[in-house]
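Take these sequences, add in the hints, and give me the full structure.
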Amino acid sequence: MRVRAGRMTYAVLIVFTVLSLFPLVWTAIAASGTNGRLARTPPPFWFGGNLPKNLGIAWTDANMGVALLNTVIVAGTVAAGTVLFSTLAGFAFAKLRFRFKNVLLLLVIGTMMVPPQLSVVPLFMLIAELSWTDQLQSVVLPALVSAFGVFFMRQYLLEALPVELLEAARVDGASGLRVVWHVVFPAARPAMAVLAMLTFVMAWNDFFWPIIALTQNGSPTVQVALTGLGRGYIPDQSVIMAGALLGTLPLLLVFVAFGRQIVGGIMQGAVKG
Amino acid sequence: MASGTTTAGGAPLRQDAAGERRWRARRHRWDVRWSPYAYIAPFFVFFAAFGLVPLLYTAWASLHRVELTAPADMEWVGLRNFSRLVADEFFWNALKNTVTIGLLSTVPQLLIALGVAHLLHGRLRGSMFFRVVALTPYATSVAAATLVFVLLFGRDYGMVNWALGLAGIGPVNWQNGAWASQFAVSTIVIWRWTGYNALIYLAAMQSIPDELYESAALDGASRWRQFVHVTVPSLRPTILFTIVVSTIGATQLFGEPLLFNGSAGATGGSDHQFQTLGLYLYEQGWVNLHLGRASAIAWAMFLILVLLGTAAGLINAYRRRTG
Chain A
27 MRVRAGRMTY
37 AVLIVFTVLS
47 LFPLVWTAIA
57 ASGTNGRLAR
67 TPPPFWFGGN
77 LPKNLGIAWT
87 DANMGVALLN
97 TVIVAGTVAA
107 GTVLFSTLAG
117 FAFAKLRFRF
127 KNVLLLLVIG
137 TMMVPPQLSV
147 VPLFMLIAEL
157 SWTDQLQSVV
167 LPALVSAFGV
177 FFMRQYLLEA
187 LPVELLEAAR
197 VDGASGLRVV
207 WHVVFPAARP
217 AMAVLAMLTF
227 VMAWNDFFWP
237 IIALTQNGSP
247 TVQVALTGLG
257 RGYIPDQSVI
267 MAGALLGTLP
277 LLLVFVAFGR
287 QIVGGIMQGA
297 VKG
Chain B
50 MASGTTTAGG
60 APLRQDAAGE
70 RRWRARRHRW
80 DVRWSPYAYI
90 APFFVFFAAF
100 GLVPLLYTAW
110 ASLHRVELTA
120 PADMEWVGLR
130 NFSRLVADEF
140 FWNALKNTVT
150 IGLLSTVPQL
160 LIALGVAHLL
170 HGRLRGSMFF
180 RVVALTPYAT
190 SVAAATLVFV
200 LLFGRDYGMV
210 NWALGLAGIG
220 PVNWQNGAWA
230 SQFAVSTIVI
240 WRWTGYNALI
250 YLAAMQSIPD
260 ELYESAALDG
270 ASRWRQFVHV
280 TVPSLRPTIL
290 FTIVVSTIGA
300 TQLFGEPLLF
310 NGSAGATGGS
320 DHQFQTLGLY
330 LYEQGWVNLH
340 LGRASAIAWA
350 MFLILVLLGT
360 AAGLINAYRR
370 RTG
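Taken in order, these protein sequences are the chains called A and B. Under our numbering, the first residue of the first sequence carries the number 27, and numbering increases by one thereafter. Under our numbering, the first residue of the second sequence carries the number 50, and numbering increases by one thereafter.
Honestly, the hints are just simulated from the structure, not real lab data. Glycine included, every Cβ here is placed at the ideal spot set by N, Cα and C. Mixed in with the good hints, there may be bad ones.
[To be verified] Pairwise CB distance ranges, derived in the manner of DEER restraints:
#1 B/Gly219 with A/Leu275: 35 to 45 Å
#2 B/Leu105 with A/Ser157: 18 to 28 Å
#3 A/Ala106 with B/Leu152: 33 to 43 Å
#4 A/Val41 with B/Gly214: 13 to 23 Å
#5 A/Gln161 with B/Glu69: 48 to 58 Å
#6 B/Leu289 with A/Arg66: 46 to 56 Å
#7 A/Ala65 with B/Asp320: 17 to 27 Å
#8 A/Leu275 with B/Trp125: 45 to 55 Å
#9 A/Gln161 with B/Trp109: 20 to 30 Å
#10 A/Gln287 with B/Tyr86: 25 to 35 Å
#11 B/Gly219 with A/Leu133: 49 to 59 Å
#12 A/Phe211 with B/Arg75: 19 to 29 Å
#13 B/Leu105 with A/Leu156: 12 to 22 Å
[Said to hold, decoys possible] Under 10 Å between C-beta atoms, here's a sample of chain A residues computed to sit facing chain B:
#14 Gly32
#15 Val206
#16 Val280
Shown next, in the form of structure tokens:
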């Protein structure tokens, strides 16, 4: 039952909020100081004056500028492709009749359980063969498949797209692609936006495969560049923190702008999944 | 077409119209029959190329000696990669660490998430603020999060040891202690995923009908008893779902232990004390350059997941029959 929250509830939630935000805030504090300042007791609790300088070093020396641009390209392409393919497949699974539909849907769900580790060795051999190492398509193409996306769109379209609407369009003589364009996409738009944001976040933070396929000094994504920093590429801790800040800030801005929609999308996906 | 539209009798016109109708009907049938496959084709083409074929090829590669330096030269060795794995103490060590870190991270994470969801479910001012904040760690990448936690858990200047020092607890070596390091790595996982799971539980709580609570309240159940006897049973499918997802995530744990080791590489600590299976796979494949062995580890990980899934399914079926 929805009981009015008491003081205790607020107190616990505020502690939870502080714990959730503290590592992020402290990243900025550490990035604004110097290496020496971080080696003091007690550790710094407030900002220093070195933020622009450290951000600049991270931007150029740690390749974070290139990495940010690459990651925007990768995450943007992956999000666009995933949303398009997932909407088409989700529509077919939700509203159309065809043979082997249930078997194929089970196959889609089954692929959600397969760990990515199971395909990295052949994928690596493939991109080595094609000389795709350090090329962005090596991380974009394998990420375009999202079983979660197909399932998410199917669940949404089951309810959001009335069969009568489809039949009316058919009676008017609209061809399949026109139906998709004029009926399915408009009905699916809210879910497409949510899926785009969720996919963008996932692609931005993708870790395992990019650090195998890309290198620090070639064309890194943000995660590859940060891994390089963490493994001793630059010894200055405040610069490392500046890199972490640069790599996180864009997503945090997305969350500030669209937090409500992202929260809604995750909760919606949870109930229907 | 032009002849059909002239006035020279209605017959050609009707014929043409009938032909047109037939053609359209045929096109329509064809469309209805085949277009579904066109819509699902992109997914399955990409899945086949970058999911299914690599998956099967990993099994094939695991039966060969393949070195990273010359991935095209494959030498058949049968099951030797697997037999070496069984005899390899680092494999068992990694398996053990994966299990303990998995438990250390999953159990507290889901319990805290359940509690936070319960608090968020009340009538609350600024509930959207709390929800968005709960999700910010999820927006932080593994790499960025781990880099910060490495500093926070630093032995000499870290904030955690400083705070513990105030309470008179002497500096903990979060990097080298066996349990301490696993606890620290688990903390990163807990930090990133608790809020996400809390929102999933919250969504499920919101779909529990109020009547259930009202009748429980009429029976004089306290709020705690309502939580235990109404909320938790109604959430069972969702809890199961989060356990499955977190378990899959835990078996693949990789980035946190890699970067928690700083510049020391993929060993998972000087004594391999926090090396997980995912990290061990990476070390074998991309540090020691044995791609065949890495493939064998990948399949072993998959088999462990399948075994876990089968065991869970059996337990569930057994409970349903007896309960």
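Does the interface hint hold: is A/Val206 within less than 10 Å of chain B, judged Cβ to Cβ? At about 8 Å, which falls below the 10 Å cut-off, the nearest Cβ of chain B leaves the hint on A/Val206 intact, so it holds.
A range of 13 to 23 Å was offered for this pair. Does it hold for the Cβ distance of A/Val41 and B/Gly214? holds, 21 Å
Is the distance from the Cβ of A/Leu275 to the Cβ of B/Trp125 consistent with 45 to 55 Å? holds, 51 Å
Under the criterion of a CB-CB separation shorter than 10 Å, is A/Val280 in contact with chain B as hinted? holds, 8 Å
Should the hint that B/Leu289 and A/Arg66 are 46 to 56 Å apart at their CB atoms be regarded as holding? holds, 48 Å
A/Leu275 and B/Gly219 - C-beta distance against the hinted 35 to 45 Å: Roughly 37 Å apart at Cβ, these two residues keep to the hinted range, so it holds.
Given a hint of 20 to 30 Å, does the C-beta separation of A/Gln161 and B/Trp109 actually sit inside it? holds, 26 Å
For B/Gly219 and A/Leu133, compare the CB-CB distance with the range 49 to 59 Å and indicate the outcome. Given range 49 to 59 Å: holds, Cβ gap about 55 Å.
May I ask you to test the hint 19 to 29 Å on the CB atoms belonging to A/Phe211 and B/Arg75? holds, 27 Å
Starting from the range 48 to 58 Å, see whether the pair A/Gln161 and B/Glu69 falls in it by beta-carbon distance. Given range 48 to 58 Å: holds, Cβ gap about 50 Å.
Given a cut of 10 Å on the nearest C-beta pair, is the interface hint for A/Gly32 held or broken against chain B? holds, 8 Å
Take a look at whether the Cβ-Cβ distance between B/Leu105 and A/Leu156 falls inside 12 to 22 Å. Given a distance of about 19 Å, which is inside 12 to 22 Å, the answer is holds.
Of the hints listed earlier, there is not a single one the structure fails to meet.
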